[in-house]
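The listed protein sequences derive, respectively, from chains A and B.
Just so you know, our numbering puts 19 at position 19 of the first sequence, and the rest follows in order with no gaps.
Just so you know, our numbering puts 119 at position 119 of the second sequence, and the rest follows in order with no gaps.
Among the hints, a few may not be true.
One-sided excerpt, in silico: chain B residues whose CB lies under 7 Å from chain A [to be verified]:
(1) Cys-14
(2) Leu-20
(3) Trp-27
(4) Asp-72
(5) Pro-81
(6) Ile-83
(7) Gln-107
(8) Glu-110
(9) Gly-114
These stretches of chain B come out as covered by chain A in the derived footprint (C-beta under 8 Å, 3 or more residues) [said to hold, decoys possible]:
(10) 51–63
(11) 93–106
Keep in mind that the hints were calculated from the coordinates and are not lab data.
Just so you know, even glycine gets a beta-carbon here, dropped at the ideal spot from N, CA and C.
There are 2 protein chains.
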Amino acid sequence: MAVSGKSGDSEEMCPYRLVLEHVTSRWGVLVLIELLERPYRFSELRRAVNAYGGRGVSEKMLTQTLQTLERDGLVHRDAKPVIPPRVDYSLTGLGCEAAERVRGLAQWTEDRMGDVERARAAYDERRRPHEEAREIQSRAS
Amino acid sequence: MAVSGKSGDSEEMCPYRLVLEHVTSRWGVLVLIELLERPYRFSELRRAVNAYGGRGVSEKMLTQTLQTLERDGLVHRDAKPVIPPRVDYSLTGLGCEAAERVRGLAQWTEDRMGDVERARAAYDERRRPHEEAREIQSRAS
DNA sequence: CGGTATCCCGTCCGATACTG
DNA sequence: CAGTATCGGACGGGATACCG
């Protein structure tokens, strides 16, 4: 156990790169952005993250992500001792600083999506390995 | 081929999340930061990225990362038709904008590393499941 | 040098079952 | 509801061999 967040944690590397990988991890990004809005309960957060489309986060990965971010001091976990259990997650001051930068980056990708898609179209066009002289064929018959 | 960058590309999701994952991918982050400094040749870039410690990037993954970023219009690839081959990589205007934000985030993790490490120590302490009364044992013998 | 193609192992992560 | 434990498939990504 004592999960970390991404891959090569076992190897030695400058420690801040680990934090960076936690923060930029697939689900870390979305969790931070959502928590910047307001505190969330576990399942609520899961639903919010899954609303982004694609295949959503599993309970396991959400737990793992939250634990990593909590350990790094970015997320605060408030477990109320009631039945049924209720756990609220929120950003710490530190986490808020990180989340703002992450949201900025996400916002940027959203804003520039048009440019990116045009670049992709151009790239794909440039690489297409000559596929003409096909409808000329079919016309001849 | 036509590699993407991370996992669930095959699934449908809001397209900007894909770009975000490319930009925040393990090697994408470091490549963007390095290219913000100056243009690099392939192997030179590989060495620069590997200088971050840990297990470095393989040729394959660097190629993959650069192709993805080039396709998204963030990186410019300049292949000079000489022998031996020489290929220079640099940021486009778009890529520069992205890289600046990524570098900001990386810089933040570096600056706040102290806080993070203190939070981790506290977290680990809090969780240590009572490991006293051990040296008392060894003393008794 | 700067790739591409192929193989294949380690890890991530989803599915499932169980606890408080 | 909010987890923890375990298993197994999928895929990220390293090693190697080979082109221009």
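Item to check | Structure versus earlier hints, numbers of those that do not hold, lowest first | outcome: 3, 5, 6, 7 and 9
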